[in-house]
Amino acid sequence: MPKPSTAHPLLGALAAGKPEAFASLYDMLALRLHKTAGTIAASREDAEDALQDLFVRLARERDKFAHVIDLEAYVFASLRHGLLAQLRRRSMERRHLRRIAQSVALEIAPRDLPDDELTIALQELPVEQREVIALKLDGSLTFAQIADVLRISPNTAASRYRYAMEKLQARLEK
Amino acid sequence: MEKPSDNFVSLEQRLQNRGTASDLAWIRPKIMRAVQMEVGDETTGRLPVSPPWLGVIVVMIAAVLQVADSAEVCKSAAAPAGPSVAVTPDMFEQFSNDPVERQAMADSLALSGATRLTPLPRLDSRPAFFFATQAGSAFQDTP
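Just so you know, the sequences run in chain order A and B. Letter by letter, the first sequence follows residues 1 to 174 in this note's numbering. Letter by letter, the second sequence follows residues 175 to 317 in this note's numbering.
Don't read these hints as lab results, they were simulated from the structure. Don't be surprised by glycine CBs; every beta carbon is placed ideally from N, CA and C. Be careful, since some hints might not be right.
Stated by the list, open to error - Computed, partial: chain A to chain B, Cβ under 8 Å:
{"no.": "1", "residue": "Gly17"}
{"no.": "2", "residue": "Phe22"}
{"no.": "3", "residue": "Tyr26"}
{"no.": "4", "residue": "Ala30"}
{"no.": "5", "residue": "Arg32"}
{"no.": "6", "residue": "Phe55"}
{"no.": "7", "residue": "Arg62"}
{"no.": "8", "residue": "Asp63"}
{"no.": "9", "residue": "Ile100"}
{"no.": "10", "residue": "Leu118"}
{"no.": "11", "residue": "Thr119"}
{"no.": "12", "residue": "Ile133"}
{"no.": "13", "residue": "Leu137"}
{"no.": "14", "residue": "Ala170"}
As the list claims (entries may be wrong) - Every beta carbon over 10 Å from chain B, so not counted as near; a handful from chain A, in silico:
{"no.": "15", "residue": "Leu31"}
{"no.": "16", "residue": "Gln52"}
{"no.": "17", "residue": "Lys64"}
{"no.": "18", "residue": "Ala66"}
{"no.": "19", "residue": "His67"}
{"no.": "20", "residue": "Asp70"}
{"no.": "21", "residue": "Ser78"}
{"no.": "22", "residue": "Ala85"}
{"no.": "23", "residue": "Gln123"}
{"no.": "24", "residue": "Glu124"}
{"no.": "25", "residue": "Gln129"}
Start from the sequences and build out the full structure, keeping to the hints where you can.
Right, dumping it as C-alpha cells:
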C-alpha cells in the first residue's frame, strides 16, 4: 500500500479542479478503463458511457481526491461503482422495453456482442469473477489494487482470479 | 502473489489481445468538455431531460423519416419485415414508470408500423435524436 508521501503528483491538481489534470488522467488511464469497462459490461457503447460518466463524476466529486492514496485504485473503484449502477439501469430499461415491445408485438434488436469463443466464455462467468479478470488484465492493476477496488483481501482477489481463469480454461477446452 | 499460476500465461495473452485497439480519440474532447463544465460549476453537459410527450413526437417523426427513407435502406436481405425504431435511454426515464406515457409510446409505435425496437447507448453529448432504418437502427456520431 503506497504511503501518502508517495501520492500521485496529479492528486493536488485534480482536487483543485484543474481541467489539464483531468486531461492528463484521461490520457494516462482512458484506454485501460475503457477495456476494463468493456469486459465487465460486454459492450463497447456501455464502456464509452461508463467512461464519460466516470470523468463527470470524478470532476463533480473532486474534493475526494484530497483523501486519495492510490489514484489508480480510486479511479477504477469509481468506474466499477458507476458501471454496476449502469448495468442495473440497463437491465431495467430492457425490461421496460420488453413490456412495450410485447404490447405492440415488436421484437427487440439483440445486443451487438462479439461472438468469439473467448468473449462468450467470459460472459458466462459471474460478474464478480469477470471483474477481477478485467481489472487484472485490462486494467493492469496489482492484486493489492484490485483488493482496494473490490474491498476484499489481496489473497481473496488472487484466488478469485485463479478460480475464474480455471473456469475459463476448462470452458475453452471443452 | 502477483502470479497465482504460470499455467495461465497463454490464456492471459489471449485475453489481453482480445478485440481491436479502441480508438478513444473521438470521445476525448466530449469528455473533457463535460469535465470543464463540471469544474466550472456549469451544467454537466448532459442533455436536459425533455418532457415525456417529446419522446412520443420524436418516435412519430422518426417513423415518418423512416418511411421516406425506406426505399433507400431496405436492400438488406436480412432486413426485418418492418422498420426498426431506435429508443434513447432518456426516453426510458420518461415513460418507464408512467403507464399513460407507456401506452402513448406503444400507440405511436403501432401507428408507425415499426416491428423492431433498438435501444441506443447513452453517451451524454451524443445527439438526442434517433431515427430508424429498415435494416436496423443507424446512429451517427457527430464528428
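Verification of the hints:
no.	hint	result
1	Gly17	4 Å, holds
2	Phe22	5 Å, holds
3	Tyr26	6 Å, holds
4	Ala30	5 Å, holds
5	Arg32	10 Å, violated
6	Phe55	5 Å, holds
7	Arg62	7 Å, holds
8	Asp63	11 Å, violated
9	Ile100	5 Å, holds
10	Leu118	6 Å, holds
11	Thr119	7 Å, holds
12	Ile133	7 Å, holds
13	Leu137	5 Å, holds
14	Ala170	11 Å, violated
15	Leu31	6 Å, violated
16	Gln52	5 Å, violated
17	Lys64	14 Å, holds
18	Ala66	15 Å, holds
19	His67	18 Å, holds
20	Asp70	16 Å, holds
21	Ser78	14 Å, holds
22	Ala85	12 Å, holds
23	Gln123	12 Å, holds
24	Glu124	14 Å, holds
25	Gln129	13 Å, holds
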